[in-house]
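Participant: So the chains spell out like this:
There are 2 protein chains.
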Amino acid sequence: MAQEITLSLADAEALSHRVLSNNGFNQAHAEAITRSVLAAQRDECHSHGLYRLIGCVQTARYRGLDPDAEPQVIDQAPSVVKVDARRGSSLLAFERGLPHLVEKASRSGMAALAINNGFHFSALWQEVEALSEQGLAGIAMTPSHAYVAPAGGRSPLFGTNPFAFSWPRPGKTPYTFDFATSVVARGEIELHQRAGKALPAGWAIDREGNPTTDPQAALDGALLPFGGYKGSALSTMIELLAGPLIGDLLGHETQAATPDGKGQPHHGELILAFSLEAFLGSDKARHQQHAETLFEAILDQGARLPSQRRFEARERSRAHGVIIPQTLYDELTALASPA
Amino acid sequence: MAQEITLSLADAEALSHRVLSNNGFNQAHAEAITRSVLAAQRDECHSHGLYRLIGCVQTARYRGLDPDAEPQVIDQAPSVVKVDARRGSSLLAFERGLPHLVEKASRSGMAALAINNGFHFSALWQEVEALSEQGLAGIAMTPSHAYVAPAGGRSPLFGTNPFAFSWPRPGKTPYTFDFATSVVARGEIELHQRAGKALPAGWAIDREGNPTTDPQAALDGALLPFGGYKGSALSTMIELLAGPLIGDLLGHETQAATPDGKGQPHHGELILAFSLEAFLGSDKARHQQHAETLFEAILDQGARLPSQRRFEARERSRAHGVIIPQTLYDELTALASPA
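Top line first, the protein sequences correspond to chains A and B.
For the first sequence, full-length UniProt numbering assigns the number 1 to the initial residue and increments by one for each residue that follows.
For the second sequence, full-length UniProt numbering assigns the number 1 to the initial residue and increments by one for each residue that follows.
If you're looking for bench data, these hints aren't it; they were derived computationally from the structure.
Glycine is no exception: its CB is placed at the ideal position from the N, C-alpha and C atoms.
Heads up, some of the hints might be wrong.
[What the hints assert, rightly or not] Now the in silico label distances, taken between C-beta atoms and shown as ranges: (1) 281(A) to 27(B): 47 to 57 Å; (2) 214(A) to 311(B): 55 to 65 Å; (3) 58(B) to 214(A): 52 to 62 Å; (4) 214(A) to 300(B): 21 to 31 Å; (5) 172(B) to 61(A): 50 to 60 Å; (6) 308(B) to 285(A): 44 to 54 Å.
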């Protein structure tokens with residue numbers, strides 16, 4: 001068993017802030033990124049938690065993101081706000097755009113926030129839950145580096161293109177889902193490789209486009225979209241709406257930053273907000289109750305609602321703090337210390 | 001080989017119109033329904049073609065829809081138009097709402113058309129393509145009668161809940177997809193039953209919630225969502241957005257009309273429109289070209305774009321007319337004749 005360390009949420013927050021400040025991130029970016037990695041760590045989404053600080057610092061060192069970028073808010077149309085992240089983290093751009101998105105959706109019934117030119121590493125559930133916390137329903141989507149072949153295709157073209165949705169539940173944790181449109185995350189293939197295990201059928205194809213269960217052949221080839229041609233279609237929609245529609249890149253045009261300062265790690269993200277108030281007026285409370293009957297019917301069948309494990313983890317972390325590997329703690333502590 | 005008959009598009013149109021007029025549908029409804037079944041027949045979507053007229057007439061006879069309903073347009077919010085179909089066909093409601101949706105999306109950047117209380121039988125691709133014909137991107141979704149169990153569940157709760165998207169391609173047929181969020185349509189199960197064939201694994205569960213390949217056990221049980229828990233989540237989103245958000249029913253609250261005049265065949269539909277013009281301004285042409293590079297990359301891999309077969313059929317039908325079974329032609333001719 002690897003050694004672990006428990007941190008209070010306050011200590012984890014302070015550590016994250018020191019790591020970022022010590023590596024050139026300005027106050028506003030350090031706070032936005034810390035809020036995100038802390039929320040993920042609190043919900044035990046380890047892959048989006050404190051661990052991601054290492055990638056943020058590395059990308060900044062590779063000049064793949066600007067840790068001092070000031071996002072520019074553009075009032076594009078009555079129901080559209082754009083925020084140019086200017087090669088900074090998408091998280092600060094989201095925070096700057098959020099009040100405008102909420103205001104526009106509340107007034108118009110629905111609205112879009114388009115983030116451009118952002119470095120994106122976080123989970124989309126955070127952004128749709130920022131909407132459901134304010135009583136709005138939300139959808140978020142973003143393309144990412146190309147690892148996924150289209151259904152019927154042979155080579156990487158789509159990103160793993162996550163899609164997230166949240167619906168507010170009065171007095172309860174929201175109904176939230178957030179899934180990649182690939183069968184699995186690329187990290188799952190790497191875990192199988194490290195464990196020397198074959199992949200389940202249907203996850204990936206090799207470089208020639210043939211089905212493979214060999215992790216290395218899959219990494220050299222491509223992941224497959226979930227749900228066959230339907231998932232592939234959904235992934236195409238995400239490329240179009242969070243790419244060309246908002247004037248930004250397609251998944252296959254992005255590239256992780258490399259030590260020589262190359263790569264194209266910036267892309268777009270689209271967040272849609274729906275105002276229950278504006279759609280329903282005085283029927284709002286009745287139809288929020290109506291929606292509850294669907295959740296109850298799902299649970300009555302013994303099925304789960306998505307994100308329940310995450311909400312249970314949230315309660316645990318609030319009471320007892322977060323647990324991370326000692327090695328990660330040591331690495332972060334080193335990054336937090338002046339060289 | 002069953003006997004078939006070829007009809008010119010004009011003759012098919014006239015036949016549809018006679019069937020509807022002879023069965024109490026007013027001029028406006030007869031035209032809207034005829035446009036829809038003719039477009040489906042033209043694209044060789046037989047299950048949404050002329051065949052559907054029989055169901056429309058039957059439902060009207062069962063008092064499950066009002067063939068003389070006048071849709072009521074409600075200007076709900078700057079980016080939301082609602083149309084109450086008043087128990088009439090959703091198709092006339094869509095046509096009445098469309099100009100408002102286009103106007104709102106063009107002004108605001110994006111907008112929603114919510115159809116309430118409509119009898120819905122048509123394919124969603126028609127409605128998103130009505131948007132892409134006008135240069136807008138569109139999404140449409142609707143819940144339907146409950147045949148689908150949630151992932152991890154045991155019994156029908158969700159409709160087959162279709163989801164459609166269209167993106168305008170200058171000078172070309174649009175990029176359009178339209179899929180059910182069940183693994184297959186319920187009709188596929190019925191076809192296997194009639195042919196005495198077992199179902200592929202993963203399509204359905206029996207009444208006890210166990211996987212089944214027996215068509216009758218599947219019909220007594222439930223279909224499964226496509227793509228496991230991800231498809232199930234998407235289907236839940238469709239229930240919420242095209243149900244409670246627009247003040248309308250969930251899939252499990254709807255029921256087909258029955259001969260005794262019972263049933264609840266009316267429900268909601270949500271159509272979203274995105275204005276490329278408003279999102280992109282003077283960059284519109286450049287980013288429409290940019291989107292084309294994605295379609296080209298898909299085709300270059302040997303993968304297909306969705307709807308290509310449909311567009312090929314469209315060309316054939318325009319040149320040579322449509323082909324339907326003689327038995328269907330005879331049945332429609334009988335419905336078109338005064339009793």
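Participant: Each hint needs a verdict: does it hold in this structure or not?
Facilitator: Taking the hints in turn, this is what the structure says about them:
no., hint, in the structure
1, 281(A) to 27(B): 47 to 57 Å, "violated (33 Å)"
2, 214(A) to 311(B): 55 to 65 Å, "violated (38 Å)"
3, 58(B) to 214(A): 52 to 62 Å, "holds (55 Å)"
4, 214(A) to 300(B): 21 to 31 Å, "holds (25 Å)"
5, 172(B) to 61(A): 50 to 60 Å, "violated (45 Å)"
6, 308(B) to 285(A): 44 to 54 Å, "holds (46 Å)"
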